[in-house]
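Participant: Make a model of the complete structure from these sequences and hints.
Heads up: the protein sequence lines correspond to chains A and B, in order. Position 236 of the first sequence, counted from 1, bears residue number 236 in the numbering used here, the numbering being contiguous throughout. With positions in the second sequence counted from 1, the corresponding number in the numbering used here is that position plus 274.
One or more hints might be untrue.
To be verified - Partial chain B-side listing against chain A, Cβ under 7 Å, derived:
| id | residue |
| --- | --- |
| 1 | Arg304 |
| 2 | Leu307 |
| 3 | Leu311 |
Said to hold, decoys possible - Lysine-lysine pairs mimicking DSS-like chemistry, simulated, CA-CA at most 27 Å apart:
| id | chain 1 | residue 1 | chain 2 | residue 2 |
| --- | --- | --- | --- | --- |
| 4 | B | Lys336 | A | Lys12 |
| 5 | A | Lys163 | B | Lys308 |
| 6 | A | Lys170 | B | Lys308 |
| 7 | A | Lys260 | B | Lys308 |
Everything labelled a hint here was simulated from the structure, so no lab data went into it. Glycine is no exception: its CB is placed at the ideal position from the N, C-alpha and C atoms.
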Amino acid sequence: MTGRVIVITSGKGGVGKTTTSANIGTALAKAGNKVVLIDTDIGLRNLDLLLGLENRIVYTIVDVVEGRCKLKQALVKDKKNPNLSLLAAAQTRDKSAVSEEQLKDICETLKKDNDFILVDCPAGIEQGFQNAVAGASEAIVVTTPEMSAIRDADRIIGLLSAKEEIESYKLLLNRVRPNLIATNDMMSVEDVVELLACDLIGIIPEDTGIISSTNKGDPIVNDEKSLAGQAYRNVARRIMGEEVDFLNLEEDKNFIGKIKNFFEKTIKEIKAKI
Amino acid sequence: MSFFTDFYNKVFSFFKPQDISENNVKDVARSRLKLVLMQDRTNLTPKILEQMRGELIDLLSKYVELDKNLLELNFEQEGDQVALMLSIPVIRAKDEKEIEETLKKEALLKGIQLADDEEENGEEEYNTNEEEADADKTSENQPEELTEEEAHPQDCDNQTNDITAQNEEEHKTEAV
Chain A
1 MTGRVIVITS GKGGVGKTTT SANIGTALAK AGNKVVLIDT DIGLRNLDLL LGLENRIVYT
61 IVDVVEGRCK LKQALVKDKK NPNLSLLAAA QTRDKSAVSE EQLKDICETL KKDNDFILVD
121 CPAGIEQGFQ NAVAGASEAI VVTTPEMSAI RDADRIIGLL SAKEEIESYK LLLNRVRPNL
181 IATNDMMSVE DVVELLACDL IGIIPEDTGI ISSTNKGDPI VNDEKSLAGQ AYRNVARRIM
241 GEEVDFLNLE EDKNFIGKIK NFFEKTIKEI KAKI
Chain B
275 MSFFTDFYNK VFSFFKPQDI SENNVKDVAR SRLKLVLMQD RTNLTPKILE QMRGELIDLL
335 SKYVELDKNL LELNFEQEGD QVALMLSIPV IRAKDEKEIE ETLKKEALLK GIQLADDEEE
395 NGEEEYNTNE EEADADKTSE NQPEELTEEE AHPQDCDNQT NDITAQNEEE HKTEAV
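Facilitator: Okay, structure coming up:
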């Protein structure tokens with residue numbers, strides 16, 4: 001078996017790299033793939049929290065590269081899905097604790113008996129980014145429809161396109177708010193795609209459910225009713241090569257829909273005032 | 275009270291067609307980003323762009339009278355290619371005589387600069403009208419000495435003819 005190594009990166013922090021890694025990883029595993037998630041954000045690890053595995057971490061990636069344990073021992077199996085495991089980052093060290101070569105070796109080894117290796121990249125474009133990208137041949141660039149996130153994503157796309165090892169990179173547009181797009185307060189999906197000139201792999205709507213899912217340590221893809229969960233499951237299917245239409249997030253634009261939205265908004269405001 | 279005015283405004287705005295130009299935050303964001311991404315991608319700072327714009331104005335003013343304030347210099351992305359788009363509002367094309375005089379004047383300035391090396395490059399920016407006036411004087415004063423240095427007017431004749439042919443009044447030319 002030769003697995004695919006996909007790095008999940010963004011440049012800017014706080015756009016949802018870790019949430020995306022946890023959800024795509026979980027969705028891929030749910031679809032029957034063997035998946036390893038690697039957290040390369042050494043010193044600021046969080047992927048364990050999103051998966052609810054923080055109490056099970058014994059060894060970290062730094063222990064692996066420094067020879068204190070075998071790679072297999074450091075892989076923590078997910079509670080719900082035995083197909084999914086996590087290689088956690090060390091919390092007490094910094095990004096220089098692991099080198100590009102070491103990460104490459106780890107990815108090569110994991111490729112042998114896994115379908116997907118997802119590398120959660122730290123924010124920034126320094127060594128942490130270089131390390132995370134080192135072993136990957138594909139990349140997902142996470143961004144949101146905001147100025148600074150798009151600008152940083154453009155930098156990352158520039159860096160990725162200069163790397164020979166990266167065969168393909170796709171854009172994942174996170175935290176899309178259709179109601180703001182409808183009022184022309186937020187750039188639309190088309191605007192962002194045009195600006196960044198990069199193919200899309202997913203559009204994830206802003207969903208308050210993400211907050212509670214993070215708090216519970218249970219990725220939102222496990223919630224069948226959630227729209228964001230549905231969107232992440234679609235991303236996983238696209239990664240697996242299926243053609244899946246993007247979710248239609250636009251609000252009703254016809255007259256009846258407008259009236260409905262108008263009354264809903266007004267009623268909300270009246271309630272807020274009372 | 276404020277509730278009713280709010281409500282009135284809401285109802286009013288509902289029936290009014292959406293104002294695109296004034297309140298469109300998304301378009302503002304888009305155009306700001308477009309510019310900043312091009313600067314990031316090409317490493318051209320606003321200062322360099324401004325310099326480029328200035329030099330282009332100087333160059334083009336030799337042949338056409340243009341609206342300097344409306345000249346736009348932008349980058350556009352078409353797939354992987356980045357194109358430099360120049361939009362030039364032309365007021366009127368200069369005739370051959372004017373062009374010749376301008377070029378002579380320029381040659382004269384060059385000559386002066388070559389003569390006194392110590393002197394800094396003086397007035398780079400000049401008003402077209404003054405420039406023409408100056409050009410007249412200089413051509414009257416020293417027409418003979420300059421003709422040797424000046425090989426350009428003939429080269430440029432073809433281009434200028436094209437422009438004069440098209441151009442009666444104000445129009446826009448785009449060049450890549």
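Participant: All hints are to be evaluated individually against the structure, with a verdict given for each.
Facilitator: Here is how each hint holds up against the structure:
About 5 Å separates the beta-carbon of Arg304 of chain B from the nearest beta-carbon of chain A, less than 7 Å, and the hint is met. Residue-level restraint check for Leu307 of chain B holds (minimum Cβ-Cβ distance to chain A is 6 Å; threshold 7 Å). Checking Leu311 of chain B against chain A by beta carbon gives a least distance of about 5 Å; that is within 7 Å, so the hint holds. Note on Lys336 of chain B and Lys12 of chain A: the hinted pairing is violated, with a Cα-Cα distance of about 47 Å set against a maximum of 27 Å.
Between Lys163 of chain A and Lys308 of chain B the alpha-carbon distance is near 24 Å, which keeps this suggested pair within the 27 Å criterion. Under the criterion of a C-alpha separation no larger than 27 Å, the hint pairing Lys170 of chain A with Lys308 of chain B is consistent with the structure, at around 20 Å. Of the supplied pair hints, the one linking Lys260 of chain A and Lys308 of chain B is violated, its CA atoms being roughly 35 Å apart against a limit of 27 Å.
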